[in-house]
Amino acid sequence: MPSYSKAKCCRWMEVIMAMNENKIRQRWYGGGKVGMFAKMAAALFSFVVSVRSKLFQWGVFKTHQLKVPVIIVGNITAGGGGKTPMVIWLTNHLKSLGYKPGIVSRGYGGTRKVEPMYITPNANPLASGDEPLLMAKRTQLPVMVGKDRVKAAKALIKNYSVNVVVSDDGMQHLALGRDAEIVMLDAKWRTGNHLMMPAGPLREPLERLNSVDLVVFKGKFEGQHHYELAIDCIHQLNHAQNTKDSAEFRNQKVVAMAGIANPNGFFSLLSNVGMAIIKHPLPDHHNFTATDFKGHEETMVLITEKDAVKCESLNLPNVWVVKVKAVIPATTVNALNQIIDKVMK
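Residue 266 in my numbering sits at position 266 of the sequence shown; the count goes up by one each step and never skips.
In case anyone wonders, no lab produced these hints; they're calculated from the structure.
Any given hint could be a false lead.
In silico PhoX-like links for lysine-lysine, alpha-carbon gap of 25 Å or less [as the list claims (entries may be wrong)]:
1) Lys33 with Lys54
2) Lys154 with Lys95
3) Lys54 with Lys147
4) Lys279 with Lys95
5) Lys151 with Lys62
Restraint-style ranges between C-beta atoms, simulated for each label pair [said to hold, decoys possible]:
6) Asn318 with Gly177: 29 to 35 Å
7) Thr243 with Leu282: 23 to 29 Å
8) Asn334 with Glu298: 46 to 52 Å
Here a beta-carbon is modelled for each residue, glycine too, at the ideal position from N, C-alpha and C.
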C-alpha cells in the first residue's frame with residue numbers, strides 16, 4: 001500500500017461528496033439524518049484509518065524523519081479549514097525570525113508532469129495547483145509539490161538549503177515524519193456531527209486532536225486559539241498597483257465569485273464590510289475560463305486570491321481581487337512561537 005493511499009481515498013470521497021454539497025453540509029453540520037449506507041461506509045473508512053495508523057506504528061510502513069524539522073499545518077476534517085492563510089503567515093513569520101523555511105504541498109488540482117515539482121511565483125497554475133502558486137507568490141519562498149511529500153521535502157532540503165519544512169496539509173501523510181502538528185478548524189463548522197466520512201466530515205477520529213501540538217480556529221472563537229481574515233486590499237486583476245477601497249464597491253452591483261472549499265466565508269467577508277453582493281459559488285479548485293464571467297462584462301466582479309492565480313491569462317478589466325490577511329491574537333502568536341522554539345532548538 002503506498003504511503004499516500006489514505007490521502008487519495010479522502011480525496012476520492014471528497015470528489016463524490018462535492019456532487020451534492022448542500023445535502024452533505026446539511027447532514028454534517030445541520031443535524032440532517034445520516035443514512036445507513038453512509039454509516040456503513042464511515043465504519044469501513046474508520047477501520048481502514050485505524051489499521052493504517054497501526055501499520056505505521058508497528059513499522060510495517062516506514063515513517064521518514066528528515067534532517068530538518070517538519071511542521072504540519074493540516075486538518076482532520078474535509079474541506080477548507082484555513083490552512084493556506086496559516087501556512088503563508090507561519091512561513092513568513094519563520095523568515096522574519098531568521099530561519100530558512102520551505103513549503104511542501106500535495107498540489108491538488110495541478111496536472112504537472114514532473115514529480116516533485118518546484119513552484120515559482122510565475123508557474124502555470126494548471127500544473128502547480130492554485131494553492132501552492134498562491135503560497136509561492138505571497139511568501140517568495142521555495143515551494144515544492146508532489147504526491148509523495150517525503151520526496152518533495154527531501155528535494156526542498158537538498159536543492160534550496162531550507163532549515164525547516166512547513167507542510168501544507170499532510171496530517172494523514174504518515175510517511176512524512178513531523179516535529180509538530182497544527183490542526184486548523186473552521187470556527188463555525190468545527191467538527192460537525194463528529195462522525196467519520198462520509199457520514200460526517202472527519203478524516204480521522206476526534207480523539208486525534210488530543211495528540212496534536214495546537215488547534216487553531218479560522219474565525220473568532222473566544223477562549224480558543226484562532227485567527228480572523230481581514231481585507232488587506234482590493235486590486236484589479238493583473239494590475240496589483242491599481243487598488244480600490246472596499247467602500248467603493250458598496251453602492252454598485254457586485255458579483256462575488258469563488259471556487260474555494262467554503263465560499264460562504266468569502267461572501268461573509270465582503271458582506272461584513274457593507275457590500276451587497278450577488279453570490280456566485282463554484283466548485284473548489286475550479287479552473288476558470290472567460291466563459292465563467294460571461295454575462296458579467298458590465299458588472300464589477302470580486303474574486304479570491306486563490307482563484308486569481310488561474311485568471312491571470314484572461315483579459316478581464318472588470319474583475320478585482322480581494323487580498324486578505326490573517327489577523328492573529330497575541331495569545332495565538334505566543335503559542336505558535338512556543339512550537340517554533342521547540343522544533344528549532
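Hints and how they fare:
1. Lys33 with Lys54: violated, 32 Å
2. Lys154 with Lys95: Holds. Lys154 to Lys95 sits at ~20 Å (cutoff 25 Å).
3. Lys54 with Lys147: holds, 22 Å
4. Lys279 with Lys95: With a Cα-Cα distance of about 37 Å, the restraint between Lys279 and Lys95 is violated, given a limit of 25 Å.
5. Lys151 with Lys62: holds, 13 Å
6. Asn318 with Gly177: 29 to 35 Å: violated, 48 Å
7. Thr243 with Leu282: 23 to 29 Å: holds, 25 Å
8. Asn334 with Glu298: 46 to 52 Å: holds, 49 Å
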